[in-house]
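**Student:** Counting from 538, one number per residue, gives the positions in the sequence shown under my numbering.
No lab work stands behind these hints: they were computed from the structure.
In this text the structure is predicted, and so the values were computed from the model without any measurement.
One should not assume that every hint holds.
No more than 30 angstroms apart at the CA atoms, straight line, and that leaves these computed lysine-lysine pairs for DSS-like [unchecked claim]:
1) 573 <-> 638
2) 539 <-> 629
3) 945 <-> 776
4) 868 <-> 805
5) 788 <-> 805
6) 573 <-> 539
7) 590 <-> 554
8) 776 <-> 868
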Amino acid sequence: MKQRVVSLLQQAVDGLKASSDLPDDIVPNIIVERTKDPLHGDFATNLALMLAKPAKTNPRQLAEKIIAVLPTDQVIDKVEIAGPGFINFFVKADAQYQVIKQIHEQGHQYGRSEVGAGKKVQVEFVSANPTGPLHVGHGRGAVYGSVIADLLEAIGFDVVREYYVNDAGRQMDILAVSIWLRYLENCGEVVTFPSNGYRGEYIRDIAAEIHSSKGDIYHQAIATVMDNITPDEDQGGDKETHIDALINRTKALLGDEHYGQVFQAGFKTILDDIREDLSEFGVDYQHWFQESTLMTDGSIDTALKRLEDAGHLYQQEGATWFKSSALGDEKDRVVVRDNGQTTYFASDIAYHMHKLDQGFDKIIDVWGADHHGYIPRVRAALQALGADANKLDVLLVQFAVLYRGEVKVPMSTRSGEFVTLRQLRNEVGKDAARFFYVMRRSEQHMDFDLKLATSKTNENPVFYVQYAHARVCSVLRQLDERGLERDLVLGMEHLDLLTEEHENSLITSLSRYPELVERSALQSEPHQLVHYLRDLANQFHTYYNAHQFLVDDASLRNARINLICAVRQCLANGLGLLRVNAPESM
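Could you build all of it, start to finish, from the sequences and the hints given here?
**Tutor:** This is the structure:
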């Protein structure tokens, strides 16, 4: 209905342009909102106030002109001017029932639209380093990114989901060293493990698998490994210097071929687990982009050459710097170190250049909130590459904090103290985990209540919404058990019997669903959809407790069944966008 009013207003604007009452070059952003007070109608717009200045006229006078050229519409009862120039639309009483027919006709397509007009959007999310299993902190970004992508797709955007695999750089070398040292333990060596190594049990598992399949082929005496190595932190040294020395020693002792085999064994095992975990969690990607390809295909060199040719690089103290401070960043950034190695930021510049070169209309990066300070430098890089920095949207997600009772669960990939996403899914289920992760704004702190997520009570929001869907299914089973037949046509012919306050509230909420999906998608706020589903479920449960559906009057009975089936469909559609199941019984 809202889009119908927008369409009427757009036709009115076109008519006023044709009569020269509005300039031809005006492209108005027509905003229509539902009114809060029924006395002001059902919908209102401030269009006349927005266009009064370019039209060089009084807002109320322009409102009168807009109303005068509005096309007639069978569902609009009247249109009035209010205040300084607001235009209020009153919908005919019987028009509200059309949404029930619309939902039954459109089914799973109800709420979907073509607002995106096929524009290409890339959503890149999770992109956790493949140095260990995904934990519950990663889960929030995974669900948030996947729901954003699904919402955008639902309103007509052409969406590509991508995972950026950080398979290059120092953290991956630390992973390889950690695995090799555990492998040496399998060979019988007694290893003093570095404080900056990865300590999780998964490291031992990978090392054991390598030893089982390769034997002692990578064996070196631990005395040789540690000979003259700079001391670790607990020995009075620096843990960063110590681990870097171990990386260099490992590469030297193993050689390129064997080091590469250990590296790839760890990388492949962990990445395969990440793929499986995300897929089982309802998160799928079209592309898995590996950072290493930026080095092998020359993308980093190409990106730096573009920046250099545009005058955005300079040399200082043997390093190459990007003039990001001139483009909105707080300071300039190193892209090539004095040892000739490119920085992570150089890879990120090349990666975003790769995105731009694919012709996306919009690029959405979902990052952890701790990366907030990284945004200006990436925007600066896009601008320096000659792109429109506004094409990039960075959505920040706070990690979820898991509690068991009053005790906060430690989260450290390096120490190996964490609850994996797989463990969370096994404990609370995919549905509850996904629903809980998007209940709040992504940038808000979130405490994950395990006890609540696993409860079978109305206090559990996902249970409450799913139960509403199951309750409708239960009513239909009762209908069958009583030997009554559902008459869809009879029910549609007597929707005017739905006059109870609970029924009117449900019908109004059902009509809001398409607007809600569009707003959730365009504002990147899936929590709006979650809140809508909770409200709709609450309205249904209240209706269920207040009225009988299987009444003797066949006309009223079928009208009510048509209404609650529309509610069921709307709940299923919304839960589907969250990739949460809509069970038929609970």
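**Student:** All hints, please: hold or fail.
**Tutor:** The hints, checked one at a time:
{"no.": "1", "hint": "573 <-> 638", "verdict": "holds (25 angstroms)"}
{"no.": "2", "hint": "539 <-> 629", "verdict": "holds (14 angstroms)"}
{"no.": "3", "hint": "945 <-> 776", "verdict": "holds (27 angstroms)"}
{"no.": "4", "hint": "868 <-> 805", "verdict": "violated (37 angstroms)"}
{"no.": "5", "hint": "788 <-> 805", "verdict": "holds (19 angstroms)"}
{"no.": "6", "hint": "573 <-> 539", "verdict": "holds (14 angstroms)"}
{"no.": "7", "hint": "590 <-> 554", "verdict": "holds (15 angstroms)"}
{"no.": "8", "hint": "776 <-> 868", "verdict": "holds (28 angstroms)"}
Hint 4 alone, counting from the list given before, is not met by this structure.
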